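Asker: Each chain, letter by letter, is given below.
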Amino acid sequence: MIGGYMGKVLQVDLSTGAIESYSLPERMLELYVGNKGLGARLLYDLLPPMTDPLSEKNVFIVTTAPLTGAGAPSSNRFNITTKSPLTGAIVNSNCGGNFGVFLKRAGYDSLIITGKASKPVYLKINEEGVSIEDASELWGLDTEKIQEKLTAGTGKLVIGPAGENLVKYAAVFSQERAAGRGGVGAVMGSKNLKAVIAGGKKRVPVAHKDKFKDACRKWRQLSREHPATGEELPRFGTSIFVNKCNATHTLPTRNFLHGSYDEADAVSGETLAEKHLIKNIGCYGCPIACGRQVQLHGKNIKGPEYETVGLFGPNLMNADLKAIIELNYQADLLGMDTISLGNTLGFVMEAREKGLIKTDLAFGKIDRLSRTLDDIAYRRGLGDDMAEGVRFLSQKYGGEEFALHVKGMELASYEPRGAVGQGLGYAIGSRGGCHIAAGYPIYLEANGPITVDPLATTGKPGLVVLNQTTMEAVSTIGCCIFSVYMFLPKALLELNARSPLISKIVRSTFLYGGNIIGKALSWPAWTLPVPAPFFMLPQVQTHAHCTGERYTLGKMMELGKRVVSMDRIFNLREGLTGADDTLPKRLTDELQRAEEPRSKVTLSKMLPKYYNFRGWTPAGVPREKTLRTLQIEEEPMLPQTAMGAASTV
Amino acid sequence: MVEVKLFASLRTVAGEKGFLTDAASVGELLREAAERYGEDFAKRLQIATVLVNGKNIAHLRWKRTRLKDGDVVSLFPPLAGG
Ligand code: SF4
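If you read the protein sequences in the order shown, they are chains A and B.
Numbering follows the numbering used here, with no gaps: position 99 of the first sequence is 127.
Numbering follows the numbering used here, with no gaps: position 58 of the second sequence is 90.
Some hints could be false.
What the hints assert, rightly or not - Listed next, the in silico DSS-like pairs over lysine-lysine satisfying Cα-Cα at most 25 Å (straight line):
1) A:K518 / B:K95
2) A:K518 / B:K75
3) B:K95 / A:K303
4) B:K75 / A:K350
5) A:K532 / B:K95
6) A:K307 / B:K49
Just so you know, the hints here were simulated from the structure itself, not pulled from any lab data.
Note that this is a predicted model, so its numbers are computed, not measured.
Whole structure, please, built from the sequences with the hints as guidance.
Answerer: So, in structure tokens, the structure goes:
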């Protein structure tokens, strides 16, 4: 077995109580590696097509990657993959809590849960064995109390009341970190599974120890020396984007009606740091430590992230940062995704103004929000409908043109009419309106240090393909997406600032080269046989030293492409089509600013090119040749013999 | 007057949220800001993003971009977040 892996997968059937473990085929690991890539492949192989996401047949998969727990910086992520009850598409929710590290310490790379327990249970995993325990006493507890009750010194995965009550955007928590999106918490709830705990003392094997250590040290140093990851992000947290998005018309305001908010600074990362921050905190082993610790009623709690601030703040016309801190904490305790929640509240507020829904929720009125959060989590009154998300609400009450979702998933906190590539990303993201699945092109359009024309459609398909491919690969090998910010190294920033000519060349490389890069990225791995530049992508070399496998830039890009197309063929099998790659009318038909005729997302100018670069047909279906090049086999890779050779735990 | 807004570490180093100026161009404004807040600030300014009314000067006329009464100039260091 190559380095980075513990060599075993644990599978638990909650209906029968059967617990077994087996090894995955080496080829499967070689092609899909870990985290979201491996999760997608496992889900495709294990889930019967067209399964109801909240039925006992749905499969809940926790994967780790070789770097998880191996000691690399910003790389202790794990991933939850399942069929989303919110969208009916694949959902892969990445989390920075410590569960993945502890799962590996117990001796397992992945955990697969099938079936449904007849009463509330939790799962206990350690080196000595695995058991299904009674959780009747724990049912109903919030995400903090349940973690306090469970055995200390273990990694935990828990749901709150929202997950128990099958809120379609219920999250799973590990420490204070959430696998937030797509309703993975509702899938746990549907299985009567309140928690999983794991612990042990096993160590992750590393192939080339000295080289690996050296790479980790250099990576940490790069991270610390980079102005964005070494200073701004630790100091101001993710909400540092509030003011920048506000200035570039990309801050969702009043249910995405506008892209900027007069009072943005009152809820910004700068204000959070100045008025509320006690210290910055990080996921396990991360030198960046972008998390916020703040104080509320004398208690130290986790502060809100950018996405929550944007969607609970400007999107609801709310400039009260303390209220956002309180609501964020409440949503975490109840176990809900704050992105979907902020959108749902915004939609209901606008629907009320338009006379579609009777409610006293209104923009700028925050005193009702806390009760509404409880109503949603416990499915009381209108809260019961709100627990289904924006798509359901718009279908029931009307207002589809301002229902801000893609494929049923509510949009993250970026108004794409100020950065149209981000609009393309949202439209094609496999899990729906997610900024990460979108490839985060907005960083090269509006909120990053080097930006191309944010409203031009030229070059954007290539830009999205480049970003998305890189991010999918980095995420699959176990690293935090924020580690990709070093992709624009300090030296390049300095060079870019030196003269208008150099800046033009740098920007043109992204904008006009975007299409060339996009096209080049449709070629197989052997066409790029060079190593990934360490000073831009230290993750790749570090992964190679951990596993002992040679990893070229081409191979890494191929991994990213494989993961995108793997997600795609899963979604197509579940009945989604190219017609689902779209945006609500507000973003495609209405101008954000009357004086700016380009301030809307013209998908028709970008989508065909995007499909082409991905090697998909004009209908958005991966061509056979593409699947062959990417070695994506439609036949299951997980042979029955793997499970047949399973040993009972 | 032109309003200059400072963000993130530029705000911390300057010790204030911004200032008003009658600078006629971005270049003039940046020189004024560097003098006003000292060496550390000036060094950071070298890789700062400059937006005039939300538009990156890279898409305008760079440091020669003319400023007029009522313009808002925003200065950001390289950021990461999300
Ligand atoms: S950068 Fe932030 S989110 Fe990413 S691993 Fe570090 S602390 Fe966690």
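Asker: Which numbered hints turn out to be false for this structure?
Answerer: 3, 4
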